[in-house]
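Protein chains: 4
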Amino acid sequence: MNTFGRNFRVQVFGESHGEAIGVVVDGVKAGIPLCKEDFMNDILRRKSGAMGTTPRIESDEPEILSGVFEGHTTGAPIAIIFRNLNARSGDYNALKDVPRPGHADYAASVKFEGFNDPRGGGHFSGRLTLPLVAAGVIAKKQFCSSVGSGLEIKAELKEIGGETNKDRWAALLENTAHEGDSLGGIVECLIAGIPAGLGEPFFDSVESLISHAVFSIPGVRGIEFGDGFAASRMKGSEHNDVFPLTKNGAGGINGGITNGAPIVFRVAFKPTSSIAKTQKTLNVKTGEAVDLNVPGRHDTCFALRTPVIVEAVAAIVLANLI
Amino acid sequence: MNTFGRNFRVQVFGESHGEAIGVVVDGVKAGIPLCKEDFMNDILRRKSGAMGTTPRIESDEPEILSGVFEGHTTGAPIAIIFRNLNARSGDYNALKDVPRPGHADYAASVKFEGFNDPRGGGHFSGRLTLPLVAAGVIAKKQFCSSVGSGLEIKAELKEIGGETNKDRWAALLENTAHEGDSLGGIVECLIAGIPAGLGEPFFDSVESLISHAVFSIPGVRGIEFGDGFAASRMKGSEHNDVFPLTKNGAGGINGGITNGAPIVFRVAFKPTSSIAKTQKTLNVKTGEAVDLNVPGRHDTCFALRTPVIVEAVAAIVLANLI
Amino acid sequence: MNTFGRNFRVQVFGESHGEAIGVVVDGVKAGIPLCKEDFMNDILRRKSGAMGTTPRIESDEPEILSGVFEGHTTGAPIAIIFRNLNARSGDYNALKDVPRPGHADYAASVKFEGFNDPRGGGHFSGRLTLPLVAAGVIAKKQFCSSVGSGLEIKAELKEIGGETNKDRWAALLENTAHEGDSLGGIVECLIAGIPAGLGEPFFDSVESLISHAVFSIPGVRGIEFGDGFAASRMKGSEHNDVFPLTKNGAGGINGGITNGAPIVFRVAFKPTSSIAKTQKTLNVKTGEAVDLNVPGRHDTCFALRTPVIVEAVAAIVLANLI
Amino acid sequence: MNTFGRNFRVQVFGESHGEAIGVVVDGVKAGIPLCKEDFMNDILRRKSGAMGTTPRIESDEPEILSGVFEGHTTGAPIAIIFRNLNARSGDYNALKDVPRPGHADYAASVKFEGFNDPRGGGHFSGRLTLPLVAAGVIAKKQFCSSVGSGLEIKAELKEIGGETNKDRWAALLENTAHEGDSLGGIVECLIAGIPAGLGEPFFDSVESLISHAVFSIPGVRGIEFGDGFAASRMKGSEHNDVFPLTKNGAGGINGGITNGAPIVFRVAFKPTSSIAKTQKTLNVKTGEAVDLNVPGRHDTCFALRTPVIVEAVAAIVLANLI
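Here the protein sequences line up with chains W, U, F and D, keeping their order. According to this note's numbering, the first sequence is numbered sequentially starting from 8. According to this note's numbering, the second sequence is numbered sequentially starting from 8. According to this note's numbering, the third sequence is numbered sequentially starting from 8. According to this note's numbering, the fourth sequence is numbered sequentially starting from 8.
Just so you know, not all the hints are guaranteed correct.
Identical copies go unnamed one by one, so any copy, or any two together, can satisfy a pair.
[Stated by the list, open to error] Below, simulated DSBU-like cross-link-like pairs (lysine-lysine); rule was C-alpha separation at most 35 Å, straight line:
1) Lys148 x Lys173
2) Lys242 x Lys173
3) Lys165 x Lys287
4) Lys43 x Lys148
5) Lys161 x Lys173
6) Lys161 x Lys43
7) Lys148 x Lys103
8) Lys36 x Lys161
9) Lys292 x Lys148
10) Lys292 x Lys43
11) Lys287 x Lys36
12) Lys161 x Lys242
13) Lys54 x Lys36
14) Lys43 x Lys103
15) Lys148 x Lys54
16) Lys242 x Lys292
17) Lys165 x Lys148
18) Lys148 x Lys36
19) Lys165 x Lys242
20) Lys173 x Lys254
21) Lys292 x Lys254
22) Lys54 x Lys43
23) Lys165 x Lys254
24) Lys242 x Lys284
25) Lys36 x Lys292
Bear in mind the hints are in silico, worked out from the structure with no lab data behind them.
Full structure from sequences and hints, please.
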């Protein structure tokens, strides 16, 4: 299923090289000002074209089909679509029986018995994060309209390929692209200005919902809150946040419930799976080994484009907590 | 909400020092052999009493109220309760206005406007993982009855306080207990013998569901799959799993769907929040600083008791994928 | 699945002749006064023993296991069980291969491959409406605590066996019991004091939710709102409710949303399936025709006991609308 | 929320006079042949233009945006939109403060604080049943692909304005149109060729799910299964279906589970709310009484167009039961 949320429900659809991709957002309050322009800032932050990202420029023009009337949300579901205009389907036809390493090609083909759309990863494409970003824009507005304007959701790329010094990123990206290889990265997200008492014990803990949503972003390998994995190497007296809070080892969450401190989490993104280097793979029909050159133009480090996506899914979770 | 799952639905209830804790499992197939004894092995693995765990021995006797007839599941919901017999409520009454560092006391009190049961963490207590373990026993049986007997779910504690050499754990635990402090740890879970093609794209990705369930376990700070956070520091040519699979950097999952390789994930547990050392905290009513000595008998490292809980929630997810 | 509701979630479990039946209610607000006595009035209204109902007196003593502390709800799930004490299992053992007409025996046996508990209808027994009534008590309190005290939910039996004159019911019941036969009836429910604007368009229309919940009551054959089936025989100019509302042909609902007028609906209950008369049926194992005398003591008209159940499911729906 | 279903999930969106209306169907199996032409037969059955229906011909051209590749479903969500081309918005602007009797105008305006799209009923328009019909086409295919080709879903209009003799319908419709009034009707739906054992006890009983879905169709006032309301006036010995089944008073369902006999239910539709006659209503802003002439061209009896819609929602339920 491609749906998330109980109160603020997000349904994504579409394939990378199909007619259109899109999202239906249900559970939006009536009366929130919303127009096409509201989406452009976040959509631009996800766009390719900058250093380290693919030169393929996609059409990212949102078309609002429903749920908005005279510049305000109506309370009815908001459907938004993005037409696919710049698809080069020819690139992918040869790959049908030759799964690309790191991609969903093989697993999807087993699951859908070969009927999945293979062009550009089809429904598994990172392009599907575009409707997520659109849903995130609405979610941010809904959350703010409920709890006031103090909300701040800010995700930033903190590491590329293990390098934390941003001054060295340009050279690292250039060298890696030159090698025909790719890089991963770590995004940190901070959510400030939220009230204490959000979330539910157990299965709807704030961490459960955020991690659920974050792992829907293609390419995520891990998530940690507050002190994260490092907490497992600390003593209780070091890790515990003493009241009044002067540190935030719990990442703003106790027992699954917000404690009023900022929510802090980090997300590990893998290196881009599609690389220019020749890779070994298997022709799953014939069983013979194959040298594979993945066609198309790819991000050297797609993590560069992900902070706004992480913010979007975090906002979608927040909009479900109120 | 305290419910998880679409096909195999788990509802937990209860408080640490109330009448009883328990679970209702709905969506169980008819005809699976099930009796009280089937639960005892996993329940024993979670039990306290061993080195590094609390000497407080709880009553962990399951009482099956429904859904089983003549030794087999009937297809109707299975309700299981555990009476609370060994509760020392007196220990906790003094704490009402003095939240224990690292616990849900403060956040819960805000959320539930002071009406939450404060005794032993109430509904937020780690004791609630006992019904999870019971549900996991049923989940393992259901999954095996559907996909055959090849399933292996095995979770192991790999680190305590950063120490990976198990020979040194006894001394580390003893010293830490002597200091009145506590330790965290890392559990690794491996799930082998599962078919390719399980899971859904996007919001019901296998990682989304497993992380959702895992973060419902009290005290989890992070989760990673396959190469995990290390993947963010690898190049694409290093991280990609080339077909036929000789490594498993993706942890058995591509695009949210199982690829037939074992699912591998690691979970970071924080150190036990309740420690013998005196801690600073706040009287939230008067606003004055307080020296707090948390009463009760506690695990030095509760992570020792968690592998079977991690297995249980993983099994609950698997039972939802079929 | 045996669960209902998004915000106020009800999970029932148990079998007529098993250990216990019960309910877990999740999504209850913290701070609502609640004790055992609060349940007794509605439980008594459902009880048997009066004219036209079975002389079998069941144990209807609620045991609250969780979610209540010092006389108030805590916000955690409330689990309530009822032990089964007066079960005569011997009555039912002979019926395993001989489905009782009108009962779920055959359909359940196909669905659960013969593993369902056959004693007294097992999980399909009307006894499972007892936990529904308990959940209804909580639902009424939750709704009132949110929208104020003006709420009135009142269900009444309007017809027995087509007879609307209540003075003639006693004789009708006596005669029918004497024939070894049974009667159905029609219950009307009126919900006043609710605000306009509750409900959702389309799939969560108030009628959708109420009918969904009402058909979970065993023995319901139909439901109608406002003018109901008669509306299909009226002209638009007769049926339309003109503003300001002087009639209520829509039953208080337009487009699935409450309009502020009382919600009015009627529920048709079939005659009790178990009758004293000998009935023809089939031995499903041997295929031969059988004369069946259904053992046990039964209601002549179980509809007599249903008004409080109809109120309960209506209240459960209302608690989900706020 | 505008979503229905657990396994086969349907999300509708759109407004009568907005850009487009549509549906996303999630949970469709891969490999089902599907193309635009497959929708045309059912869409035509819903179309207006025939005797007794509005002469307004809407654009009912489906545009498949996703989930279909090379003529087969891919397993990814299927999004289908219908552009609104023939909208005369001017007709409705005057109505903003003057709710039309029988319509959702007033209730919607309260719920959405005046931000709902008022043109043609907006999201509450009967036009939204067009995407339901499209979803029904997919549901029928999915159900048949799972249980074989024996399925027959057949809904028929049985009564108009209480008249069961079809020969007299033309005159009745003509006279009523001439009076500027409208008529209701009763649709009977029969579902044959389904296996025994579908459905769940209690809240997911087949009746619960079908009634839930049926009441999402605008204008439904009642539903009954098998003997329906008449069952409440029968004795147990008359109503009970004796095995082997020679009658079908239960409508093919016992205890919420199919028994192998055809499912039979009847749906009562109200008369069309919009009539040519002048009606009294209220200006909700000024509080003064108003004479209202509802603009636009309307069905004399919209029930004429509903059998295919009833089939669609029944098929959507069936696709959720497998």
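>> Let me make sure I understand: some of the numbered hints might not hold for this structure. Which ones are they, in numerical order?
In response: none
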